[in-house]
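Let chain A serve as the given structure and place chain B on it in line with the hints.
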Amino acid sequence: MRSTGEPVRFLAGGGTMGVRRHRPASDSPEVPVPVRSPLSCIVPPHVLARLEATGGPDVAQAARSTLLTTARLRGERSVRAALVGAAAPAQGRRTIFDCRHSTDLGTAVVARTEDGVVSDDSSVNQAFDGLGATRDYYRQVHDRNSIDDRGMRLDGYVHRGVAYQNAFWDGREMVFGDGDGEVFTDFTGSLDVIAHELTHGVTEHTAALEYRGQSGALNESVSDVFGSVVKQWARGQSVTEADWLIGADIFTPAVEADALRSMRAPGTAYDNELLGTDPQPADMSGYVELPETEEGDNGGVHINSGIPNRAFYLAATGIGGNSWEGPAQVWYAALLGSGPTTDFAAFARATWSRAGELHGAGSSQQRAVASAWQGVGVPLDTSGGVA
Amino acid sequence: MKVTLTSSGGFAAAVRLGRPPLVVDAAGLPPAEAGELAGLVTAARAEEPAPRAERARDAMSHTITVEDGGSSAVLSCSDAAMSPAYADLLRWLHARATPPPGR
Numbered sequence: 016m017r018s019t020g021e022p023v024r025f026l027a028g029g030g031t032m033g034v035r036r037h038r039p040a041s042d043s044p045e046v047p048v049p050v051r052s053p054l055s056c057i058v059p060p061h062v063l064a065r066l067e068a069t070g071g072p073d074v075a076q077a078a079r080s081t082l083l084t085t086a087r088l089r090g091e092r093s094v095r096a097a098l099v100g101a102a103a104p105a106q107g108r109r110t111i112f113d114c115r116h117s118t119d120l121g122t123a124v125v126a127r128t129e130d131g132v133v134s135d136d137s138s139v140n141q142a143f144d145g146l147g148a149t150r151d152y153y154r155q156v157h158d159r160n161s162i163d164d165r166g167m168r169l170d171g172y173v174h175r176g177v178a179y180q181n182a183f184w185d186g187r188e189m190v191f192g193d194g195d196g197e198v199f200t201d202f203t204g205s206l207d208v209i210a211h212e213l214t215h216g217v218t219e220h221t222a223a224l225e226y227r228g229q230s231g232a233l234n235e236s237v238s239d240v241f242g243s244v245v246k247q248w249a250r251g252q253s254v255t256e257a258d259w260l261i262g263a264d265i266f267t268p269a270v271e272a273d274a275l276r277s278m279r280a281p282g283t284a285y286d287n288e289l290l291g292t293d294p295q296p297a298d299m300s301g302y303v304e305l306p307e308t309e310e311g312d313n314g315g316v317h318i319n320s321g322i323p324n325r326a327f328y329l330a331a332t333g334i335g336g337n338s339w340e341g342p343a344q345v346w347y348a349a350l351l352g353s354g355p356t357t358d359f360a361a362f363a364r365a366t367w368s369r370a371g372e373l374h375g376a377g378s379s380q381q382r383a384v385a386s387a388w389q390g391v392g393v394p395l396d397t398s399g400g401v402a
Numbered sequence: 668m669k670v671t672l673t674s675s676g677g678f679a680a681a682v683r684l685g686r687p688p689l690v691v692d693a694a695g696l697p698p699a700e701a702g703e704l705a706g707l708v709t710a711a712r713a714e715e716p717a718p719r720a721e722r723a724r725d726a727m728s729h730t731i732t733v734e735d736g737g738s739s740a741v742l743s744c745s746d747a748a749m750s751p752a753y754a755d756l757l758r759w760l761h762a763r764a765t766p767p768p769g770r
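Going down the list, the protein sequences come from chains A and B. Each residue of the first sequence is one higher than the last, beginning at 16 in my numbering. Each residue of the second sequence is one higher than the last, beginning at 668 in my numbering.
A hint or two may mislead.
[Claimed, not checked] Across the chosen pairs, the derived CB separations fall in these ranges:
{"id": "1", "chain 1": "A", "residue 1": "V270", "chain 2": "B", "residue 2": "R722", "range": "45 to 53 angstroms"}
{"id": "2", "chain 1": "B", "residue 1": "E715", "chain 2": "A", "residue 2": "T308", "range": "17 to 25 angstroms"}
{"id": "3", "chain 1": "A", "residue 1": "E307", "chain 2": "B", "residue 2": "S738", "range": "28 to 36 angstroms"}
{"id": "4", "chain 1": "B", "residue 1": "D755", "chain 2": "A", "residue 2": "E129", "range": "32 to 40 angstroms"}
{"id": "5", "chain 1": "A", "residue 1": "D119", "chain 2": "B", "residue 2": "A762", "range": "16 to 24 angstroms"}
{"id": "6", "chain 1": "A", "residue 1": "R382", "chain 2": "B", "residue 2": "T732", "range": "48 to 56 angstroms"}
{"id": "7", "chain 1": "B", "residue 1": "K669", "chain 2": "A", "residue 2": "P306", "range": "21 to 29 angstroms"}
Think of the hints as simulated: they come from the structure by calculation, not from any bench. Glycine included, each C-beta is placed from N, C-alpha and C at the ideal position.
In isolation and in its complexed conformation, chain A is listed as follows (with noise of 0.2 angstroms):
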């Protein structure tokens, strides 16, 4: 890991190395892509859940893919539409560019691609091995390709300004600072930062939920969550066994925190002179009411976001086993299914919905994120069986 003011190294021997930022030239026109589905479309829902629930593993599989595929073109139609003329596939080809300190990305020069050598620079590494992991939960787990399911590039870049204190989404690529080596360190340290970070971009080509009030608490919750699984996943780690911490590797060791956020526990991630105390609620009854501008986090987007980061936590430790195979695949579903303006309630409605055409009508699992809203004080309407 990188200090601050230490010279920038060089990747030795890579041919790559000192190439002003170049985008690789895109691409043949769009084409339409097939639907991946095993199943045809037409079988309604709940049929496809009873397959699910009672077919051999391959009938189970295909009606499980089926109904996800479904999910996803109910969230995604509108998104296809307006991709018409995009980017070809690119299987999410990663690239990590060094900004040298600098702001500006366009100066950033290229530190390591999909197909060349390891850097001797730990950021670049750190931020390729995070892409690399992120990409592969999405296609192994979810059979998305990439950012926007249709192969998108991956391009991250490290090393932005001196002794920044942040990662973010740009809405088209990953940016990543050292942080300040006395609070914060190198952002590229942690898997659940990375996984946050392109989740938004996952977030912002299916449900494009808007950032502020309680759709933007639940684009905040969709990153942590997706980056706490994609963290176990790829730790191996069941329910149980996972922290459920996010950032718990970006404060030095001089910091007295947990981590910046806690799922399980939200509130409750750090208490100390320094930092203050961890604001998020655990559930609506401490919701705090800030106002929409960006001095107010868009109305609390990084602080009310800790209920629903609960109510996964509550649902897929009911549901118990690896996050990624039931609650994942649920919450996925809800997001596919999702808009732009899906409150908590109706993002709660959309979880017992997909929960029930996945498991099955009052199983153990639609049951389990039942429970976690209740449990998070969010209303569910159960009303007229699932949406």
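Just chain B now, with coordinates in the frame of chain A:
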């Protein structure tokens, strides 16, 4: 000339929420540094404001308020769309004041 910087948002937005702004008063600076600050402010004000980064997520937002001789100007910028002159001014301010955590 007094320059006030407020930063908000970001992956660690909760840490920054409600933190006091960073303030630099040119009256308390050596003449050379005061001149440097004035030059950076002039350069930042001369640039076209960067477009709002509507699609950015977790990017920090910065507001620099310049009070000088009874007039004031507000310069706003996002990490996701920052001009070089604004970045230079921001870096200078950070280097000359004790910032709150997660500046």
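Checked hints:
no. : hint                                   : in the structure
1   : A:V270 with B:R722: 45 to 53 angstroms : violated, 31 angstroms
2   : B:E715 with A:T308: 17 to 25 angstroms : holds, 23 angstroms
3   : A:E307 with B:S738: 28 to 36 angstroms : holds, 30 angstroms
4   : B:D755 with A:E129: 32 to 40 angstroms : holds, 34 angstroms
5   : A:D119 with B:A762: 16 to 24 angstroms : holds, 19 angstroms
6   : A:R382 with B:T732: 48 to 56 angstroms : holds, 54 angstroms
7   : B:K669 with A:P306: 21 to 29 angstroms : holds, 25 angstroms
Comparing the model with each earlier hint shows a violation of hint 1 alone; every other hint is respected.
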